[in-house]
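A.B. asks: One letter stands for each residue in the lines below.
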Amino acid sequence: MNRWAALLAAGAVASASASTSGAAGPVPVGSPAVAGYQPVGVDEQGLWGEMAEAERALKVSKLLVRDEELTSYLRKVLCRVASADACQTVRILIVRDPQFNAGMTPNGMLLINSGLLLRVRSEAELAAILGHELSHFERRHSLARLKAARSATGWAAFLGAAGAGPLGLALIGNFFSFSQEQEREADLDGLKGMRAAGYRSRSAGDIWANLRAEMDATAAARNVRSRKDKRGMFDTHPATAERLAYLRSSTVDDPEGEAGEAAFRAAISPLWPMLIDDQVKLNDFGGSEYLLAGLATSGWTGPLLYARGELYRYRGQAGDFEKAAGFYREAIAKPDAPAGAWRGLGLALARTGDGAAAKASIDEYLKRNPQASDKAMLAMISGGSQ
Amino acid sequence: MAVPGLAQEKAAVKPGFSMPTGKPVRILVFRPDVKVGSQSAGGVVTPNAEWTANARKNLADALVAAKPGGASEVVFMTDLEGENATLLNEYRSLFKGVATTVLQHRLFKGDRLPTKVTGFEYTLGPGVAKLGELGGGDYGLFVVTNDAYGDSGRKALQIFGLLMAGATGFGGMVSSGVHAGYAGLIDLKTGDLVWLNADLKMGGDVREIDGASKRVSQLLEEFPGGTSGGVHFLPTTK
Chain A
325 MNRWAALLAA GAVASASAST SGAAGPVPVG SPAVAGYQPV GVDEQGLWGE
375 MAEAERALKV SKLLVRDEEL TSYLRKVLCR VASADACQTV RILIVRDPQF
425 NAGMTPNGML LINSGLLLRV RSEAELAAIL GHELSHFERR HSLARLKAAR
475 SATGWAAFLG AAGAGPLGLA LIGNFFSFSQ EQEREADLDG LKGMRAAGYR
525 SRSAGDIWAN LRAEMDATAA ARNVRSRKDK RGMFDTHPAT AERLAYLRSS
575 TVDDPEGEAG EAAFRAAISP LWPMLIDDQV KLNDFGGSEY LLAGLATSGW
625 TGPLLYARGE LYRYRGQAGD FEKAAGFYRE AIAKPDAPAG AWRGLGLALA
675 RTGDGAAAKA SIDEYLKRNP QASDKAMLAM ISGGSQ
Chain B
737 MAVPGLAQEK AAVKPGFSMP TGKPVRILVF RPDVKVGSQS AGGVVTPNAE
787 WTANARKNLA DALVAAKPGG ASEVVFMTDL EGENATLLNE YRSLFKGVAT
837 TVLQHRLFKG DRLPTKVTGF EYTLGPGVAK LGELGGGDYG LFVVTNDAYG
887 DSGRKALQIF GLLMAGATGF GGMVSSGVHA GYAGLIDLKT GDLVWLNADL
937 KMGGDVREID GASKRVSQLL EEFPGGTSGG VHFLPTTK
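Those sequence lines, one after another, are chains A and B.
Under the numbering used here, the first residue of the first sequence carries the number 325, and numbering increases by one thereafter.
Under the numbering used here, the first residue of the second sequence carries the number 737, and numbering increases by one thereafter.
Treat the hints as calculated values from the structure; they're not laboratory data.
Check the hints yourself; a few may be wrong.
Stated by the list, open to error - Quick list of simulated restraints, FRET-style, between CB atoms:
no. : chain 1 : residue 1 : chain 2 : residue 2 : range
1   : A       : Arg639    : B       : Arg848    : 35 to 45 Å
2   : A       : Arg572    : B       : Leu849    : 52 to 62 Å
3   : A       : Gln504    : B       : Glu786    : 27 to 37 Å
4   : B       : Ile945    : A       : Asp601    : 46 to 56 Å
5   : B       : Ser808    : A       : Asn607    : 50 to 60 Å
6   : A       : Ala569    : B       : Leu849    : 45 to 55 Å
7   : A       : Lys383    : B       : Glu786    : 20 to 30 Å
8   : A       : Ala590    : B       : Ser888    : 52 to 62 Å
Claimed, not checked - Below, computed lysine-lysine pairings styled on PhoX-like, alpha-carbon distance capped at 20 Å:
no. : chain 1 : residue 1 : chain 2 : residue 2
9   : B       : Lys866    : B       : Lys746
10  : B       : Lys866    : B       : Lys832
11  : B       : Lys832    : B       : Lys937
12  : B       : Lys937    : B       : Lys845
13  : B       : Lys925    : B       : Lys759
14  : A       : Lys383    : B       : Lys937
15  : A       : Lys386    : B       : Lys832
16  : B       : Lys845    : A       : Lys386
17  : B       : Lys937    : B       : Lys746
Since this is a predicted model, take the numbers as computed values, not measurements.
The C-beta atom is built at its ideal place from N, Cα and C for all residues, glycine as well.
Bound conformation, chain B alone:
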């Protein structure tokens, strides 16, 4: 996959972190945030229930099969109720907030906060341990994907845009649908974000079994392994 022109690190690992070896590791996956739709010529996205349901199943199966980082087991968080459901909802929102900050101010070099140039210090706080107790896991995995497949009108517009660009110097830049995703791993004892990977232009058609499997392997790129940590240190230059 080509990385967009903007200087972007696609993934980051907390310096010094590696998956523990010599004991079984359980990864707890929180209900992935999955959206699949079609994109019209004008850019309007129509959600598609069938595609979304298929993608949800395919991605879940692929995640379990992938056993990221040599995990002994990948389990999904059970449906929670009452206060526990509210707690998970809060942490889900918090994760999204933190992930957005990392994406904007850490992974994209152009907009790095002065205090976040080096290192990778982000945490959801130790309260997240409660989620580990509820679901039974050592690490928590959040997954977000958003896909919109261009319909025939969108594709026509894309070609038109390219023609315009060729003929006049204007136009172009009509993107072909939306295929974005990110995933993050939380240490469920400390709440620390230990790994985050994001890509605005992902491959793999999530509506198909094989495509979803390819998408999951892209989502899990640079997932920390069980060997030495710190190999994924980000460059410290500004």
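The shape of chain A in the complex, shown without the other chains:
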């Protein structure tokens, strides 16, 4: 179809859909986030039915992070910003995905990417995100989106925005995309929840300031222009700058409130090795360096130094193996050095041509981790010792 034919067809869509609108039956009112709530009307029932099926699959997926302690911590924070009913009805699932993202399905399943947990720096920031997602559910943003999509003006944007979700579930991706107005509404609802719970509301803006700085770091290392102010044609989120601006201006007069940095760190730190490992493998040198530096503000620990070594070793540019070896050595000097530091040191030294030292380090690693899955390959690199 050429352009004008498409425009004419769009006209037909407008008139046709006008004739069918209002056929969906009863309209749901009040919050769906109450115990025992049943979806109302064909549209909401359809969304809930399809999402129940997706949830069924997701709950047994290997991509879920099944960490009861962490999940109950997230729930505790959600419950501080949510009503008692919402606190009970919303399901929180942690998805192993290194990108910064969170989402809410129309039936109350709150998805948190593991990559978000690596970027958030305080309980207050986490509360802002959880409150934001809860707002999407309570205000039935997905349902409104679906209805708008069916109208002539909205469907192209809806289709355009329908990307694959974090698990490649294109279906969930569909219902993830909210409009800019909805995002703003959810941001402001999030602030309300934070204030009521005594959290530091200014932290909501910090999330975006941090994300922008990370995008700058990514771009600088790649020698390209930062994407922080970029917005695609179909991108529905307010640009980060705009978001940062209204979050800052809405909170300028708020009292300081509780940031909860230590509590957040304590809850997330057991997960760090996995989070950092996933991040380092993203091939985003600048962004990863930025994040590691952020995590190391109170000192470089063994796992952080190890991660930095891995980052340089993976990049493998001139001088990187020497630098990596340096970081692994620093890690090894720490009491909390992970066994992987000896492995990394061995592999880095092998690349710099120091075979004897490489062998000693790999042998040490295999002694510390005799069940290593790559034992055979490492033994070969270290010269067939075993």
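Following the hints, put chain B in place on chain A, whose structure we already have.
C.D. replies: Showing chain B alone in chain A's frame:
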């Protein structure tokens, strides 16, 4: 059903395969992937809970009644929990991945991989035997259907498209809803895919008992029988 203009084999059977005869065969059906909705003029699909629930029941009943390939029994996998549920989920995803490959690179002639021109060698691996133990079956059947019925706006647009095509040479090609489905049979001892059938334009209204029965018979077209295998060899020309 008319096969779309693109050269497509609708079904393929592993050469030499036939259902065993002389002993009872149990087919284990994994929870079918069923979606039913309505399609608006703009093409947006709204899932419909009632239609989906009806279709799920109707299709299940029809599958049991069909006893494909002369199976003595058709049973559904029980709801699994914990690690077993995760395992089934993994195999479900793997099957979909393999089926997608077969659809794109085997059944559609235009996009055949050079190494997959002849034969039919696809497998989920012998680990799938665990599913056979859990559910009790010799063969495992995966079924996927996706339907979206055009609402009145969609139908208006379809007519408009045809008018446009007639008047200007542009337009047309507005499809009437979505009615796609595929089914595949796995040997639960070896994990081999022994049969796959797919159709992007299926008949039978899955929301009705009779329609679902018609759909199931289409989904099971060219299901391997208990006689000689290899009768469904695919042509070897490129």
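A.B. asks: Within a Cα-Cα threshold of 20 Å, do B/Lys866 and B/Lys832 meet the stated pairing?
C.D. replies: holds (18 Å)
A.B. asks: Is 35 to 45 Å a correct range for the gap between the Cβ atoms of A/Arg639 and B/Arg848?
C.D. replies: holds (39 Å)
A.B. asks: With 45 to 55 Å as the target window, see if A/Ala569 and B/Leu849 comply at their CB atoms.
C.D. replies: The hint (45 to 55 Å, Cβ to Cβ) holds, given that A/Ala569 and B/Leu849 are roughly 52 Å apart.
A.B. asks: Does the Cβ-Cβ separation between B/Ser808 and A/Asn607 fall within 50 to 60 Å?
C.D. replies: Once the Cβ atoms are compared, 54 Å apart, the range 50 to 60 Å for A/Asn607 and B/Ser808 holds.
A.B. asks: Check whether the Cα positions of B/Lys925 and B/Lys759 lie no farther apart than 20 Å.
C.D. replies: holds (16 Å)
A.B. asks: For the pair we were handed, B/Lys832 and B/Lys937, check the Cα-Cα distance against 20 Å.
C.D. replies: Measuring from Cα to Cα gives roughly 19 Å; hence the hint holds.
A.B. asks: Checking one constraint from the list: CA of B/Lys937 to CA of B/Lys845, max 20 Å. Satisfied?
C.D. replies: Holds, because 18 Å separates the two Cα atoms, which is no more than 20 Å.
A.B. asks: I want to verify a distance hint. Is the separation of the beta carbons of A/Ala590 and B/Ser888 within 52 to 62 Å?
C.D. replies: holds (58 Å)
A.B. asks: Is 46 to 56 Å right for how far apart the beta carbons of B/Ile945 and A/Asp601 are?
C.D. replies: Cβ of B/Ile945 to Cβ of A/Asp601: about 53 Å, so the range 46 to 56 Å holds.
A.B. asks: Are the Cα atoms of A/Lys383 and B/Lys937 separated by 20 Å or less?
C.D. replies: Since the Cα atoms of A/Lys383 and B/Lys937 sit roughly 32 Å apart, the hinted pair is violated (cutoff 20 Å).
A.B. asks: Taking 52 to 62 Å as the stated bounds, is the beta-carbon spacing between A/Arg572 and B/Leu849 within them?
C.D. replies: Given range 52 to 62 Å: holds, Cβ gap about 55 Å.
A.B. asks: Regarding A/Lys383 and B/Glu786, is the given constraint of 20 to 30 Å on their beta-carbon distance met?
C.D. replies: Holds: the Cβ-Cβ distance is about 24 Å, inside 20 to 30 Å.
Of the numbered hints stated above, those contradicted by the structure are hints 9, 14, 16, listed in ascending order.
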